[in-house]
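As given, the protein sequences belong to chains A and B, one line each in that order. Adding 41 to a residue's 1-based position in the first sequence gives its number in our numbering. Adding 41 to a residue's 1-based position in the second sequence gives its number in our numbering.
Worth double-checking, as some hints may not be accurate.
[Said to hold, decoys possible] No farther apart than 30 Å at their CA atoms in a straight line, the calculated lysine-lysine pairs in the DSSO-like style are these:
(1) A:K270 x A:K312
(2) A:K225 x B:K225
(3) B:K270 x A:K218
(4) B:K105 x A:K415
(5) B:K494 x B:K270
(6) A:K270 x A:K494
(7) A:K225 x B:K218
(8) B:K415 x A:K105
(9) B:K511 x A:K218
(10) A:K494 x A:K511
(11) B:K469 x B:K498
(12) A:K312 x B:K218
(13) B:K218 x B:K312
(14) B:K218 x A:K270
(15) B:K270 x B:K225
(16) B:K494 x B:K511
(17) A:K225 x A:K312
(18) B:K469 x B:K494
(19) A:K469 x A:K498
(20) A:K218 x B:K469
(21) B:K511 x A:K105
(22) B:K225 x B:K312
(23) A:K218 x B:K312
(24) A:K469 x A:K415
(25) A:K494 x B:K218
(26) A:K469 x A:K494
(27) B:K270 x B:K312
(28) B:K105 x A:K511
(29) B:K511 x B:K498
(30) A:K415 x A:K511
(31) A:K511 x A:K498
(32) B:K494 x A:K218
(33) B:K415 x B:K511
(34) A:K218 x A:K312
[Unchecked claim] Over the 12 Å line for every Cβ pair with chain B, so calculated as not near, a few chain A residues:
(35) L79
(36) Q81
(37) T91
(38) A224
(39) G249
(40) A268
By construction, these hints were calculated from the structure, which means they are not laboratory data. In this text, a Cβ means the ideal position worked out from N, Cα and C, and glycines have one as well.
There are 2 protein chains.
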Amino acid sequence: MTLNPSNGIDTRESLDPDDWGAMRALAHRAVDDAMDYLEQVRERPVWRPTPEHVAAQFARPLPKEPEGAERAYAQFRELVLPYQLGNTHPRFWSWYMGAGTPFGAVADLLASTLNPNMGGGNHVGNLVERQVIDWCKEIVGFPATGSGLLVSGGSMANFVGLTVARNVHAGVDVRTKGVGAIAKPLVFYASTEVHSCVQRSIEVLGLGSDWLRQVPVDSNYRIDISALKVMVAQDRAAGRVPACVIGNAGTINTGAIDDLAAIADLCAQEKLWFHVDGAIGAVVGLSAEHAPLVHGIERADSVAVDLHKWMQIPFEAGCALVRDRGAHYRAFTLTPDYLEHQSRGLASGDLWFSDYGPQLSRGFRALKVWLSFKEHGLARYGRLIARNIALAEELARIVRGNPHLELMGMGNLNIVCLRFNPGGVDEKALDALNEELLLRLHESGIAAPSYTKLNGKYCLRVALVNHRTKSEDLRVFVDAALRMGNDLRNSR
Amino acid sequence: MTLNPSNGIDTRESLDPDDWGAMRALAHRAVDDAMDYLEQVRERPVWRPTPEHVAAQFARPLPKEPEGAERAYAQFRELVLPYQLGNTHPRFWSWYMGAGTPFGAVADLLASTLNPNMGGGNHVGNLVERQVIDWCKEIVGFPATGSGLLVSGGSMANFVGLTVARNVHAGVDVRTKGVGAIAKPLVFYASTEVHSCVQRSIEVLGLGSDWLRQVPVDSNYRIDISALKVMVAQDRAAGRVPACVIGNAGTINTGAIDDLAAIADLCAQEKLWFHVDGAIGAVVGLSAEHAPLVHGIERADSVAVDLHKWMQIPFEAGCALVRDRGAHYRAFTLTPDYLEHQSRGLASGDLWFSDYGPQLSRGFRALKVWLSFKEHGLARYGRLIARNIALAEELARIVRGNPHLELMGMGNLNIVCLRFNPGGVDEKALDALNEELLLRLHESGIAAPSYTKLNGKYCLRVALVNHRTKSEDLRVFVDAALRMGNDLRNSR
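Chain A on its own, in the form it takes in the complex (with noise of 0.2 Å):
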């Protein structure tokens, strides 16, 4: 062992690898296996189970001693890559969810090598950020002074444009004084469809949720403007103050997506902020076609939009859209001595972006935004939107085709809410048998919808969000689904 000399400090050891060819021809195995894993998606089930002997596998304690990159890599190939939630599958429409691309794969390779920390400094990446956020702007027709944040979902992209909102109508210093100190509740509006993180943002703000109105739907599960303005109108009167509606651009029950141009001429009205949680729908101004949906999102003051659901980059990847650029910073920036801006050299600089949201140390996310747009062009994005929505089209005209299937809800984008119901059998047994075809469809790994209730009734939900799915994925579902349905029905 060969020691400094001058302290006996061994610092040859460090966590690069001893013999660099080994580490590439590993990643270069590690390449072969991702583009495999994603040419032949297709040819797997969607779903399977993690066998018992498998998960008993990661119960073993904390590694001590080395088991060499080869050793955790092969066990990664036996042990991980073959259990997967499946929501590369061209049949997986769970929840609301995006697929991903190889290319924006090999672009976390990058961004994970380059390493840098996009909580600020003078470097390169700060302006792949800004450059990615200005698109997400042209996206939803916001202005160019407005502000934005890379975040890391729909969740958090919420939180931030809640957060400056909280602060705008506290009337109070909150950020010092707290929300204890607000004279008189502030309260949000939202409809009863709204999705479940904001409430959370809400609570986690200290607003508490029963200050969350909780707005009634019309027939198309879309706010109900009138019943929204009544609202409004009854806590002024009170002596409460009105400070945010959340206008819904796609649900995540059936895709609503609520009239916000009427909410923004209300929040205008009333001196309300409007946000907009266009996890689903903020991109649907891509396509043309589907444009007027969103109608008035350009003039919300804050919009959460997704990047890892409709515009498939890999997780995780949102960003927070706010119009007032002084108020964004004003709700989150702090600079101590350790963190002063220097006017030269890596800690100069005025893009600093963790003075926009609640990291400090901040991963380099944008690189996939950036090399991933560049990649496909937005009006790539634009026709694979609409293509999802005329498959949700078609879907329901097979639905409403069957005399055996039910279409149970339907907003104006991507998302079928369904059932087998072949007649004859009441609810309540309409409900298990739904559910149990669920679960079989998931276990036969033939597709993977999701399930939610609408008006109490159990339906198959189909979030129709892929890149990859084409229509005859479709039928396979539709004649899997028919199948299993008559044997469950004829078995009982």
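Once you have looked at the hints, place chain B on chain A.
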């Protein structure tokens, strides 16, 4: 153009490559470029500015038409790759950042290829994350029954712990009623050296930073326990509600570690929540020699652990640990119909990490931690942690032994604050001289310390977190600092 005969939907276009062979070849080139970048890191300057003609390229509007992966990658190589922050370099010691590893970057390629959503569901990724959290508990001596969540880093890990602390001590159902319903102000305590992200969490949570008491520190920058006791007693006497003490396991300025055992005693006695910001030092227990420094951390109610700092995982990776699993769950869980868990199929399983934090969709950051811990074994991390501390001691010895350098501050860990001080220069001029010296060090590309003020004096701050740093790097830095410092002094 072949259209689907039934309805005219052309489903041949997707975000997958037309030519998988070409994408595969590009990915292999990306691997070679990534490995070259890391293998040759020592041969490059730590940092260099982004030229204006390069910066100008990032103002172009949204790309409408495809540029293709090849062209996008060429732009990455030309515009992005060369102008990095530099924290992969052995002489980057700014702020407090990890340097990443090649296998960690490969792990992110794999994670983004499989692209699971780690919010929940039944898939093996959850088992990987659970195991990584179990390992983090082992590292800090937490009980196996404790709870945890992988998060983006130290800021969010502190945020999660402090959210649970707020909710547990509110005395009301703060999630529904809000902070405004808390009868008497909740008071949090931390030393004046606490990281700014703690203040930001307190602000976001609606508690108000006025209620974060800044407790004085002793000459070693450790919290003054007597002063803390007095403050708690005074707040109680004044009818306020002491709720939580935040202990520092490694302050950002100097690496100081509070007397965690004494804080634990006080919290037990006063029934306060004991949170530890261990972003820097929670992992110091991996070195048996230094483990006594963080004695008492294992008694905390919650701990923020950072994995992209001393554990060198690529950004972003942190872990929030919470002793009381029920309290952790109750602080965040929300399960609407569309997320209701099933008994079988892909929506079954008992691991829904979205119940434990602010994000619903979550990326597979667990994989890079899992693979890296297996690759190296925790004993190696312990040796490298001890080595960084030894290097800090070596640098302090060099500084003490040189009449033109002054040691300004040093905790027990790996952060050394120093300045060039040849004698005969007044304080104001010393500040200016050292600020210019720092900028020239950055601009030369030789070494990248950061800066802070200690007792109002400008210091170069060397945070030795880097697994690539050797003794010779310290000498290169000291020689350059002395040469540049004397040049500066002589030219004034």
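Starting from K270 (chain A), check that the Cα of K312 (chain A) is at most 30 Å away, please. 13 Å, holds
Run the distance test for K415 (chain A) versus K511 (chain A): straight-line Cα separation, threshold 30 Å. Holds, because 24 Å separates the two Cα atoms, which is no more than 30 Å.
K469 (chain A) and K494 (chain A): Cα distance at most 30 Å? 13 Å, holds
Verify the proposed pairing of K511 (chain B) with K218 (chain A), using a straight-line Cα cut of 30 Å. 47 Å, violated
Check on A268 (chain A) being off the interface with chain B, judged by Cβ distance over 12 Å: The claim holds: A268 (chain A) sits with its nearest Cβ about 21 Å from chain B, beyond 12 Å.
Checking one constraint from the list: CA of K225 (chain A) to CA of K312 (chain A), max 30 Å. Satisfied? 17 Å, holds
Taking only the CA atoms, is the gap from K218 (chain A) to K469 (chain B) under or equal to 30 Å? 36 Å, violated
Please verify whether K494 (chain B) and K270 (chain B) have alpha carbons no more than 30 Å apart. 28 Å, holds
Given the hinted pair K270 (chain B) and K218 (chain A), is their alpha-carbon gap at most 30 Å? Judged against 30 Å, a Cα distance of about 23 Å means the pair holds.
30 Å limit on alpha-carbon distance, applied to hinted pair K312 (chain A) and K218 (chain B): 25 Å, holds
Given the hinted pair K105 (chain B) and K511 (chain A), is their Cα-Cα distance within 30 Å? Distance of about 24 Å is within 30 Å: holds.
Would the hint linking K270 (chain B) and K312 (chain B) be met if the CA-CA limit is 30 Å? Holds, because 13 Å separates the two Cα atoms, which is no more than 30 Å.
Against the hints set out earlier in the document, violations occur for numbers 9, 20, 24, 35, 36, 37, 38 and 39.
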